[in-house]
Amino acid sequence: MQTVASPVARARALFDAGTTRPVTWRLEQLRNLRRMLAERHGEFAAALATDLGKHNTEAQLTEIGFVAAETAHLERHLEGWLRPRRVPVPLPVQPARAWTELTPLGVVLVIGPWNYPLQLLLAPLAGALAAGNAAVLKPSEHAPATSAALARWIPEYLAGAAEVVEGGIPETAALLAERFDHIFFTGGETAAKVVMRAAAEHLTPVTLELGGKSPAYVDASTDLAAAAKRIAWGRFMNAGQTCVAPDYVLVREEVQAPLQAQLVKAITALFGTDPATSPSYGRIVNDRHFARLSALADASTVVHGGQRDAGGRYFAPTLLRPAPGDAVMAEEIFGPLLPLVAVPGLDEAIGQVNGRPKPLALYVFSKDPATRRAFAERTSSGALCFDVPAAHLSVPGLPFGGVGGSGMGAYHGEHSVRTFSHERSTLDKPLWPDTLELIYPPYTRTKQRVIDAVVAPVRQGNRKR
Numbered sequence: 001m002q003t004v005a006s007p008v009a010r011a012r013a014l015f016d017a018g019t020t021r022p023v024t025w026r027l028e029q030l031r032n033l034r035r036m037l038a039e040r041h042g043e044f045a046a047a048l049a050t051d052l053g054k055h056n057t058e059a060q061l062t063e064i065g066f067v068a069a070e071t072a073h074l075e076r077h078l079e080g081w082l083r084p085r086r087v088p089v090p091l092p093v094q095p096a097r098a099w100t101e102l103t104p105l106g107v108v109l110v111i112g113p114w115n116y117p118l119q120l121l122l123a124p125l126a127g128a129l130a131a132g133n134a135a136v137l138k139p140s141e142h143a144p145a146t147s148a149a150l151a152r153w154i155p156e157y158l159a160g161a162a163e164v165v166e167g168g169i170p171e172t173a174a175l176l177a178e179r180f181d182h183i184f185f186t187g188g189e190t191a192a193k194v195v196m197r198a199a200a201e202h203l204t205p206v207t208l209e210l211g212g213k214s215p216a217y218v219d220a221s222t223d224l225a226a227a228a229k230r231i232a233w234g235r236f237m238n239a240g241q242t243c244v245a246p247d248y249v250l251v252r253e254e255v256q257a258p259l260q261a262q263l264v265k266a267i268t269a270l271f272g273t274d275p276a277t278s279p280s281y282g283r284i285v286n287d288r289h290f291a292r293l294s295a296l297a298d299a300s301t302v303v304h305g306g307q308r309d310a311g312g313r314y315f316a317p318t319l320l321r322p323a324p325g326d327a328v329m330a331e332e333i334f335g336p337l338l339p340l341v342a343v344p345g346l347d348e349a350i351g352q353v354n355g356r357p358k359p360l361a362l363y364v365f366s367k368d369p370a371t372r373r374a375f376a377e378r379t380s381s382g383a384l385c386f387d388v389p390a391a392h393l394s395v396p397g398l399p400f401g402g403v404g405g406s407g408m409g410a411y412h413g414e415h416s417v418r419t420f421s422h423e424r425s426t427l428d429k430p431l432w433p434d435t436l437e438l439i440y441p442p443y444t445r446t447k448q449r450v451i452d453a454v455v456a457p458v459r460q461g462n463r464k465r
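Residue numbers (the UniProt record's numbering): 1 to 465.
Simulated from the structure, these hints should not be mistaken for laboratory data.
All C-beta atoms, glycine included, are put in the ideal place defined by N, C-alpha and C.
You may find that some hints are simply not true.
Okay, the calculated beta carbon distance ranges per label pair [said to hold, decoys possible]:
1. Asp-16 <-> Ala-295: 48 to 56 angstroms
2. Pro-144 <-> Ala-295: 46 to 54 angstroms
3. Leu-384 <-> Ala-151: 32 to 40 angstroms
4. Gly-397 <-> Pro-442: 51 to 59 angstroms
5. Glu-39 <-> Val-302: 39 to 47 angstroms
6. Gly-397 <-> Arg-356: 27 to 35 angstroms
Derived DSS-like pairs (lysine-lysine); straight-line CA-CA distance at most 30 angstroms [unchecked claim]:
7. Lys-447 <-> Lys-429
8. Lys-193 <-> Lys-367
9. Lys-367 <-> Lys-265
10. Lys-429 <-> Lys-229
11. Lys-229 <-> Lys-358
12. Lys-193 <-> Lys-229
Take these sequences, add in the hints, and give me the full structure.
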């Protein structure tokens, strides 16, 4: 097992020395991160292809280029976000100045998942560095080629700003026993509970980016062909191994059959008549996950696809019509299976959404303003998107995160900087003139009148509310 105490100690020493605090240092690390992605693009793309069968274009779109764009956005706006924010000072405390400023937390642990093993490790890292922290990174052992590439190049390009610890459960457990100032975890609910329990031992704050069953809703008012192509793209990208992929479709009964037909056409348009031969279609990450997906499909009703090759970890884009008790509707699928669930109306669809844990994302394909408003007002989800799945991740001004079982906390853009910072309050009140004499003991009738004059307007304001 790799020793984890030394990387954590090195990161702590770097932060305690004050190295990470200057804005110039932060911007330099962000530039170095972008330079690494540009100069080692081919090696990272090859690693992603090895681990997940990702096409070079998809690797650029969803991993390498995604992180580069996020990092560039942080560079452009960081100095503005870090400016102190003045706040008004009430009369009894004047003369004085008050402001808040974002200050680094210290040493951050980022634990990445296997499905987007580069993006979901390096995008949080960019935010942590922009906020002035040192970082320890734990890439997923289930994406070993990408983990090895990160472990090779991060020390060269980031020179101690980020330490990499490879390994599996023993290394992760050893890291969680160390003291950090923030833990950022992306993964499943079961592992998230382990992270939270470990963090509680040090009262360490956590950000949990989880998942859940993100539904899509489709009614007759939408363009079924266009909706089907976007849903198929969002579902079958990365062979369905995407936390914000549409996990199931709630479709009005009258359009279930035509939507299914359009989805079949969309799958063919995206990946050809035999997706097994398409270089644009990915593979399942490992044999255990492949077996799990096979069991889910075999226990439900397949209406399209279902072909698979265990040796190559190929699983065709598959449409299902599940029964209410099917296992595929009881857990997050995280693979290329798409259940189509017929609903008689809007209320029933919203009832199904609200009857499950709050999803990471909710996708509504409808032109009807009342339908859109109903989903906005009557549901809770990490994100709500109309007419497109997954694309909200590419908008750096939108916070990305879940609610309830789909996670806690958010990041991307300014939200990353705030997640990895403490907003410190500062008050500067001169010793002279000492207006606090008006409220110091001993209390007199004069001081009582002064205090009443200040407090009375507050009391009146409370009564009005």
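Hints and how they fare:
no., hint, result
1, Asp-16 <-> Ala-295: 48 to 56 angstroms, "holds (50 angstroms)"
2, Pro-144 <-> Ala-295: 46 to 54 angstroms, "violated (25 angstroms)"
3, Leu-384 <-> Ala-151: 32 to 40 angstroms, "holds (38 angstroms)"
4, Gly-397 <-> Pro-442: 51 to 59 angstroms, "holds (54 angstroms)"
5, Glu-39 <-> Val-302: 39 to 47 angstroms, "holds (45 angstroms)"
6, Gly-397 <-> Arg-356: 27 to 35 angstroms, "holds (29 angstroms)"
7, Lys-447 <-> Lys-429, "holds (21 angstroms)"
8, Lys-193 <-> Lys-367, "violated (40 angstroms)"
9, Lys-367 <-> Lys-265, "holds (22 angstroms)"
10, Lys-429 <-> Lys-229, "violated (61 angstroms)"
11, Lys-229 <-> Lys-358, "holds (25 angstroms)"
12, Lys-193 <-> Lys-229, "violated (36 angstroms)"
Consistency with the previously given hints fails for numbers 2, 8, 10 and 12, ordered from lowest to highest.
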